[in-house]
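Undergrad: Please model the entire structure based on the sequences and the hints provided.
Going line by line, the protein sequences match chains R and X. Counting along the first sequence from 1, when you hit position 163 you're at 162 in numbering that gives the first Met the number 0, and nothing is skipped either side. Counting along the second sequence from 1, when you hit position 90 you're at 89 in numbering that gives the first Met the number 0, and nothing is skipped either side.
Simulated from the structure, these hints should not be mistaken for lab results. Note that the structure is predicted; figures quoted are calculated from it, not measured. Cβ coordinates follow ideal geometry from the N, Cα and C atoms, glycine included. Any given hint might turn out to be false.
Computed beta-carbon distance windows for the label pairs [unchecked claim]:
1. I127(X) - A117(R): 16 to 26 Å
2. M206(R) - H69(X): 17 to 27 Å
3. A117(R) - K164(X): 39 to 49 Å
4. L60(X) - E103(R): 48 to 58 Å
5. L60(X) - F51(R): 32 to 42 Å
6. N65(R) - G32(X): 23 to 33 Å
7. S42(X) - D20(R): 28 to 38 Å
8. K164(X) - T41(R): 20 to 30 Å
9. D124(R) - V121(X): 16 to 26 Å
10. T41(R) - V121(X): 37 to 47 Å
11. Q2(X) - K142(R): 43 to 53 Å
12. R23(X) - E78(R): 42 to 52 Å
Number of protein chains: 2
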Amino acid sequence: MKQIAESTVRRLSLYLRFLEDYRRQGLETISSGDLASLGGMTSAQVRKDLSFFGSFGTRGLGYSVNALAHRIREILGLEREWQVIIVGAGKIGAALAQYRAFGERGFRIVGIYDVDPARIGVSLDGTIVKDQRELDADLQSVKPDIVLIAVPAEAAQPLLERVTKAGIRGVLNFAPTPLHAPSGVTLRSVDMALELELLSYTLTSAMA
Amino acid sequence: MKQIAESTVRRLSLYLRFLEDYRRQGLETISSGDLASLGGMTSAQVRKDLSFFGSFGTRGLGYSVNALAHRIREILGLEREWQVIIVGAGKIGAALAQYRAFGERGFRIVGIYDVDPARIGVSLDGTIVKDQRELDADLQSVKPDIVLIAVPAEAAQPLLERVTKAGIRGVLNFAPTPLHAPSGVTLRSVDMALELELLSYTLTSAMA
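TA: Shown next, in the form of structure tokens:
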């Protein structure tokens with residue numbers, strides 16, 4: 000299938016949450032108007048997004064909640080479980096290890112690593128922090144799909160190179176520094192200080 | 000000044016980090032080529048971004064590190080201190096309260112609030128978690144600039160309405176749910192599960 004724009008993928012992910020809410024409430028159908036008002040977009044946008052993947056709607060009845068949720072999970076790659084390891088068990092790493100929304104979406108934390116003896120051996124919601132010296136061996140034996148980088152800025156690029164050399168193809172970086180990934184590796188970054196700067200820019204320019 | 004595209008603001012923020020690194024190393028000038036190779040973009044892109052704000056470069060000498068850093072901080076609204084409060088002292092809220100990069104960029108955490116008696120009174124790097132019942136009074140007396148929402152998904156929209164009613168114009172949401180802000184309010188969201196879903200989508204479509 001051809002690559003979908005990131006903005007569309009974001010909306011699909013949003014639709015999926017609404018669909019799951021509907022399912023929990025025992026509702027079997029949802030209209031494009033319902034999805035639109037939940038997400039703050041137009042019905043036309045919703046219909047356009049969904050028509051891209053084939054026909055789900057029945058005029059006057061809306062979409063089947065189960066069928067549409069299944070199809071979106073398939074597209075997003077959420078019909079399988081993803082094995083995730085976290086490197087860095089500082090405040091951010093520890094918060095990520097205990098973040099419930101990951102497990103709910105099929106991202107299973109299978110390991111967390113740190114270099115600090117004070118952190119090694121600590122249990123984070125049942126996952127024991129391991130010595131980072133065990134990382135290379137575990138990358139080979141566990142073969143995780145995704146690595147979350149939660150180490151200090153200066154340690155992030157060497158770590159990225161180490162895990163991608165071991166075959167990791169998906170990385171989510173929380174270190175507050177830009178990283179350069181080799182080709183064939185998907186790298187995304189969450190930079191919380193940058194988000195605040197984008198906010199301060201908007202607030203400043205709104206006041207000017 | 001006219002609104003700059005978000006992608007440009009992101010690059011300015013990145014340039015600022017490189018400039019600060021240079022300054023720490025005692026370097027006084029930087030070339031567009033240096034900025035480009037640090038950021039993984041072209042020199043032409045760097046020159047285009049910077050020319051937007053006036054002329055800084057001297058042919059053959061590059062940019063003055065201090066002057067350019069100052070100008071970018073001015074544009075991003077970082078020449079002042081921003082007062083930030085956090086609502087929700089769970090794992091994510093606590094990690095945010097102790098996140099050093101915020102302070103380094105001029106975002107000062109002036110309060111953190113929770114409803115859970117087990118969390119109230121706890122010290123997070125010197126900031127004591129307050130009872131959320133004190134929030135409305137503190138919004139009036141402290142007049143923070145920015146609120147970070149780190150409460151459970153179902154509590155996030157009511158909280159957003161409460162703080163914007165109290166005059167807050169900048170909100171960064173970490174609750175894993177989409178929020179709807181009244182007009183005149185700048186709302187950004189960091190959704191870590193969504194970032195993993197964007198990653199799983201890319202990994203899945205790359206394998207297809």
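Undergrad: For every hint, state whether the structure bears it out.
TA: Quick rundown of the hints versus the structure:
For the hinted restraint 16 to 26 Å between I127(X) and A117(R), the CB-CB distance of approximately 24 Å keeps it satisfied. A C-beta distance of roughly 19 Å is found between M206(R) and H69(X), which places it inside the suggested range of 17 to 27 Å. Between A117(R) and K164(X) the C-beta distance comes to about 44 Å, which sits within the given range of 39 to 49 Å. Between L60(X) and E103(R) the C-beta distance comes to about 55 Å, which sits within the given range of 48 to 58 Å.
Distance hint for L60(X) and F51(R): a CB-CB separation of about 51 Å, inconsistent with the stated range 32 to 42 Å. Our hint of 23 to 33 Å for N65(R) and G32(X) is violated, since their Cβ atoms are close to 55 Å apart. At about 48 Å, the beta-carbon gap between S42(X) and D20(R) misses the expected band of 28 to 38 Å. At about 27 Å, the CB distance of K164(X) to T41(R) agrees with the hint of 20 to 30 Å.
For D124(R) paired with V121(X), a C-beta distance near 19 Å keeps the hint of 16 to 26 Å intact. Distance hint for T41(R) and V121(X): a CB-CB separation of about 45 Å, consistent with the stated range 37 to 47 Å. Checked against the given bound of 43 to 53 Å, the beta carbons of Q2(X) and K142(R), roughly 46 Å apart, stay inside it. Under the hint 42 to 52 Å, the C-beta atoms of R23(X) and E78(R), about 48 Å apart, fit the expected range.
Checked against the numbered hints given earlier, the structure breaks hints 5, 6, 7 and satisfies all the rest.
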